[in-house]
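Residue strings, one per chain:
4 protein chains.
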Amino acid sequence: MGLAFDAKGLQAYMDEIFPQVAEDFAIDELSEAGITMRLKVAERHLRPGGTVSGPSMFSLADCTVYALVLSRLGQEALAVTTNCSLDFMRKPEAGRDIIAKGTLLKLGRSLAVGDVHMFSEGSDRLVARSTMTYSIPPKG
Amino acid sequence: MGLAFDAKGLQAYMDEIFPQVAEDFAIDELSEAGITMRLKVAERHLRPGGTVSGPSMFSLADCTVYALVLSRLGQEALAVTTNCSLDFMRKPEAGRDIIAKGTLLKLGRSLAVGDVHMFSEGSDRLVARSTMTYSIPPKG
Amino acid sequence: MGLAFDAKGLQAYMDEIFPQVAEDFAIDELSEAGITMRLKVAERHLRPGGTVSGPSMFSLADCTVYALVLSRLGQEALAVTTNCSLDFMRKPEAGRDIIAKGTLLKLGRSLAVGDVHMFSEGSDRLVARSTMTYSIPPKG
Amino acid sequence: MGLAFDAKGLQAYMDEIFPQVAEDFAIDELSEAGITMRLKVAERHLRPGGTVSGPSMFSLADCTVYALVLSRLGQEALAVTTNCSLDFMRKPEAGRDIIAKGTLLKLGRSLAVGDVHMFSEGSDRLVARSTMTYSIPPKG
Chain X
699 MGLAFDAKGL QAYMDEIFPQ VAEDFAIDEL SEAGITMRLK VAERHLRPGG
749 TVSGPSMFSL ADCTVYALVL SRLGQEALAV TTNCSLDFMR KPEAGRDIIA
799 KGTLLKLGRS LAVGDVHMFS EGSDRLVARS TMTYSIPPKG
Chain D
699 MGLAFDAKGL QAYMDEIFPQ VAEDFAIDEL SEAGITMRLK VAERHLRPGG
749 TVSGPSMFSL ADCTVYALVL SRLGQEALAV TTNCSLDFMR KPEAGRDIIA
799 KGTLLKLGRS LAVGDVHMFS EGSDRLVARS TMTYSIPPKG
Chain W
699 MGLAFDAKGL QAYMDEIFPQ VAEDFAIDEL SEAGITMRLK VAERHLRPGG
749 TVSGPSMFSL ADCTVYALVL SRLGQEALAV TTNCSLDFMR KPEAGRDIIA
799 KGTLLKLGRS LAVGDVHMFS EGSDRLVARS TMTYSIPPKG
Chain A
699 MGLAFDAKGL QAYMDEIFPQ VAEDFAIDEL SEAGITMRLK VAERHLRPGG
749 TVSGPSMFSL ADCTVYALVL SRLGQEALAV TTNCSLDFMR KPEAGRDIIA
799 KGTLLKLGRS LAVGDVHMFS EGSDRLVARS TMTYSIPPKG
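Residue numbers (my numbering), protein chains in the order written: chain X, 699 to 838; chain D, 699 to 838; chain W, 699 to 838; chain A, 699 to 838.
It should be emphasised that the hints constitute simulated quantities derived from the structure, not laboratory data.
Cβ atoms here follow ideal geometry from the backbone N, Cα and C, with glycine treated the same way.
Where hints are given, some of them may not hold.
Derived DMTMM-like pairs: lysine to aspartate or glutamate, alpha-carbon spacing no greater than 20 Å straight-line [claimed, not checked]:
| hint | chain 1 | residue 1 | chain 2 | residue 2 |
| --- | --- | --- | --- | --- |
| 1 | X | K738 | X | E819 |
| 2 | A | K804 | X | E714 |
| 3 | X | K837 | X | E819 |
| 4 | W | K738 | W | D722 |
| 5 | D | K738 | D | E727 |
| 6 | A | K804 | A | E721 |
| 7 | X | K799 | X | D726 |
| 8 | X | K804 | A | D822 |
| 9 | D | K799 | D | E774 |
| 10 | A | K804 | A | E791 |
| 11 | D | K804 | W | D822 |
| 12 | A | K738 | A | E791 |
| 13 | W | K789 | W | E721 |
| 14 | D | K738 | D | D795 |
| 15 | D | K804 | W | E819 |
| 16 | X | K804 | A | E819 |
| 17 | W | K789 | W | D713 |
| 18 | A | K837 | A | D722 |
| 19 | W | K799 | D | E819 |
| 20 | W | K799 | W | D704 |
| 21 | X | K799 | X | E774 |
| 22 | W | K804 | D | E727 |
| 23 | W | K738 | D | E741 |
| 24 | A | K789 | A | E721 |
| 25 | A | K706 | A | E774 |
| 26 | X | K738 | X | E774 |
| 27 | W | K738 | W | E721 |
| 28 | A | K804 | X | D822 |
| 29 | X | K706 | X | E741 |
| 30 | X | K804 | A | D704 |
| 31 | X | K804 | X | E714 |
| 32 | W | K738 | W | E774 |
| 33 | D | K804 | W | E721 |
| 34 | A | K706 | A | E721 |
| 35 | A | K804 | X | E721 |
DEER-style ranges, computed between Cβ atoms [stated by the list, open to error]:
| hint | chain 1 | residue 1 | chain 2 | residue 2 | range |
| --- | --- | --- | --- | --- | --- |
| 36 | A | G806 | X | A792 | 12 to 22 Å |
| 37 | X | R745 | D | A792 | 24 to 34 Å |
| 38 | A | T801 | D | P836 | 41 to 51 Å |
| 39 | W | K738 | D | G700 | 31 to 41 Å |
| 40 | A | S821 | X | D704 | 51 to 61 Å |
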């Protein structure tokens with residue numbers, strides 16, 4: 699299954715439908731192999747001590763898998779998160795963006811599953827991983 | 699193991715250490731049996747369509763289990779989330795707070811596990827559930 | 699939604715379709731509120747040291763939620779496990795059956811979600827918990 | 699951190715401590731990058747319809763991550779599973795072994811986390827994935 703968007707088109711579409719997240723996330727790369735999504739870390743993503751908060755990591759993982767689903771199904775796609783597992787491995791490094799590498803593990807008629815590995819920019823040490831399942835409602 | 703805080707004391711302590719979440723969450727009830735935590739739903743918690751966003755639900759679950767751990771271990775407690783599972787069952791009802799019922803399933807020397815059931819206020823239909831594991835670093 | 703089976707009828711039906719698990723599991727109780735399923739612990743369920751093995755606990759949780767789904771949808775039901783989270787809290791007590799308390803959190807058109815709490819018989823200390831999602835394929 | 703065993707040595711050690719699983723699993727490959735573990739599919743691993751059962755897949759994932767932990771920590775290692783997430787993506791192909799590719803995501807002082815991707819032999823389509831967390835008790 700080919701891509702319904704290129705990176706620029708998908709970014710523009712997501713900025714339009716989710717204006718409130720547009721300033722948080724940027725698509726660095728998109729191909730049939732997967733996606734690279736950046737969390738543009740700002741004050742509001744931090745928790746006491748200065749590390750990126752859990753909810754910000756969840757948001758990033760969720761947004762990454764949603765983008766993967768959209769990239770295949772195109773604009774008319776509806777999809778809602780039904781399940782998430784999330785493991786936090788290491789403290790992110792201070793003052794760095796978080797880079798998420800996402801791959802689609804399954805794209806079925808009613809379920810899509812994506813896997814996300816998250817790193818501090820410039821590091822190859824895993825900060826967190828997540829698997830997200832989206833339910834795709836039947837059309838019409 | 700008794701409680702190190704009552705509801706009011708725990709709320710005051712969390713407001714102090716997490717001022718940025720103080721306006722989002724309120725402890726409705728705290729006992730040895732568990733905790734009831736409220737997400738005071740506001741515009742910033744919604745996603746397009748007007749339902750409470752996934753990251754807001756994650757925050758609520760995370761904060762609920764953290765509060766359970768603090769309620770037992772007291773102020774000196776350090777604890778970091780290491781694992782989360784989250785199932786989304788139903789769309790929350792518009793314009794209602796989300797009420798989380800949390801129970802501590804385990805409080806060991808190095809790991810604490812809590813379970814959270816989330817509802818729209820006034821409804822007994824489950825919106826989401828989550829299990830969170832916190833790692834408790836050795837003292838000193 | 700009412701029950702399509704009583705405990706005895708469901709046990710008979712599961713023994714027929716899953717003869718290989720018939721000797722492992724027994725339904726102690728079934729009502730609209732939930733199910734109580736027993737793992738009849740034998741040598742083959744143990745791992746070195748004499749505690750019940752992880753795969754046996756997984757089997758019990760899986761079978762419990764499958765029974766919940768069957769109890770509602772009846773004989774014609776098809777359902778496959780798509781997702782599982784499992785937390786191990788405490789070592790089961792030696793020489794005791796494991797008792798699983800299962801409740802259905804959601805029964806939608808395409809997804810069913812069940813929650814299982816597992817105890818050593820005669821104890822109220824949680825040994826493990828699991829949430830299982832089953833996908834229900836469209837009919838015909 | 700180097701390896702405490704080579705593939706042959708680890709296989710021999712696991713056969714000795716877990717004789718009951720020795721006939722189920724074989725280590726195909728072990729390196730610092732990860733492990734390849736084979737489930738030697740036999741009648742007892744199947745469920746009605748002839749596909750590999752969920753508990754067999756759980757066993758394979760659990761055993762794969764346990765082997766990864768042993769390969770680093772050596773014989774004296776104690777480790778117990780505390781958490782598992784498991785996603786089933788596709789039906790395994792009939793009459794084929796299941797091949798698990800495992801990587802260690804984290805090896806901390808008290809927690810180890812491993813990721814497992816499972817395939818039918820000869821296919822690159824993912825059958826299931828799992829993340830397993832092991833708790834490593836303090837020595838002595």
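Checked hints:
{"no.": "1", "hint": "X/K738 to X/E819", "result": "10 Å, holds"}
{"no.": "2", "hint": "A/K804 to X/E714", "result": "38 Å, violated"}
{"no.": "3", "hint": "X/K837 to X/E819", "result": "39 Å, violated"}
{"no.": "4", "hint": "W/K738 to W/D722", "result": "5 Å, holds"}
{"no.": "5", "hint": "D/K738 to D/E727", "result": "15 Å, holds"}
{"no.": "6", "hint": "A/K804 to A/E721", "result": "29 Å, violated"}
{"no.": "7", "hint": "X/K799 to X/D726", "result": "10 Å, holds"}
{"no.": "8", "hint": "X/K804 to A/D822", "result": "12 Å, holds"}
{"no.": "9", "hint": "D/K799 to D/E774", "result": "24 Å, violated"}
{"no.": "10", "hint": "A/K804 to A/E791", "result": "31 Å, violated"}
{"no.": "11", "hint": "D/K804 to W/D822", "result": "12 Å, holds"}
{"no.": "12", "hint": "A/K738 to A/E791", "result": "13 Å, holds"}
{"no.": "13", "hint": "W/K789 to W/E721", "result": "23 Å, violated"}
{"no.": "14", "hint": "D/K738 to D/D795", "result": "5 Å, holds"}
{"no.": "15", "hint": "D/K804 to W/E819", "result": "18 Å, holds"}
{"no.": "16", "hint": "X/K804 to A/E819", "result": "18 Å, holds"}
{"no.": "17", "hint": "W/K789 to W/D713", "result": "29 Å, violated"}
{"no.": "18", "hint": "A/K837 to A/D722", "result": "30 Å, violated"}
{"no.": "19", "hint": "W/K799 to D/E819", "result": "26 Å, violated"}
{"no.": "20", "hint": "W/K799 to W/D704", "result": "16 Å, holds"}
{"no.": "21", "hint": "X/K799 to X/E774", "result": "24 Å, violated"}
{"no.": "22", "hint": "W/K804 to D/E727", "result": "26 Å, violated"}
{"no.": "23", "hint": "W/K738 to D/E741", "result": "52 Å, violated"}
{"no.": "24", "hint": "A/K789 to A/E721", "result": "23 Å, violated"}
{"no.": "25", "hint": "A/K706 to A/E774", "result": "18 Å, holds"}
{"no.": "26", "hint": "X/K738 to X/E774", "result": "27 Å, violated"}
{"no.": "27", "hint": "W/K738 to W/E721", "result": "8 Å, holds"}
{"no.": "28", "hint": "A/K804 to X/D822", "result": "12 Å, holds"}
{"no.": "29", "hint": "X/K706 to X/E741", "result": "26 Å, violated"}
{"no.": "30", "hint": "X/K804 to A/D704", "result": "34 Å, violated"}
{"no.": "31", "hint": "X/K804 to X/E714", "result": "26 Å, violated"}
{"no.": "32", "hint": "W/K738 to W/E774", "result": "27 Å, violated"}
{"no.": "33", "hint": "D/K804 to W/E721", "result": "31 Å, violated"}
{"no.": "34", "hint": "A/K706 to A/E721", "result": "15 Å, holds"}
{"no.": "35", "hint": "A/K804 to X/E721", "result": "31 Å, violated"}
{"no.": "36", "hint": "A/G806 to X/A792: 12 to 22 Å", "result": "20 Å, holds"}
{"no.": "37", "hint": "X/R745 to D/A792: 24 to 34 Å", "result": "29 Å, holds"}
{"no.": "38", "hint": "A/T801 to D/P836: 41 to 51 Å", "result": "27 Å, violated"}
{"no.": "39", "hint": "W/K738 to D/G700: 31 to 41 Å", "result": "38 Å, holds"}
{"no.": "40", "hint": "A/S821 to X/D704: 51 to 61 Å", "result": "30 Å, violated"}
Taken one by one, the earlier hints fail for this structure at numbers 2, 3, 6, 9, 10, 13, 17, 18, 19, 21, 22, 23, 24, 26, 29, 30, 31, 32, 33, 35, 38 and 40, listed in ascending order.
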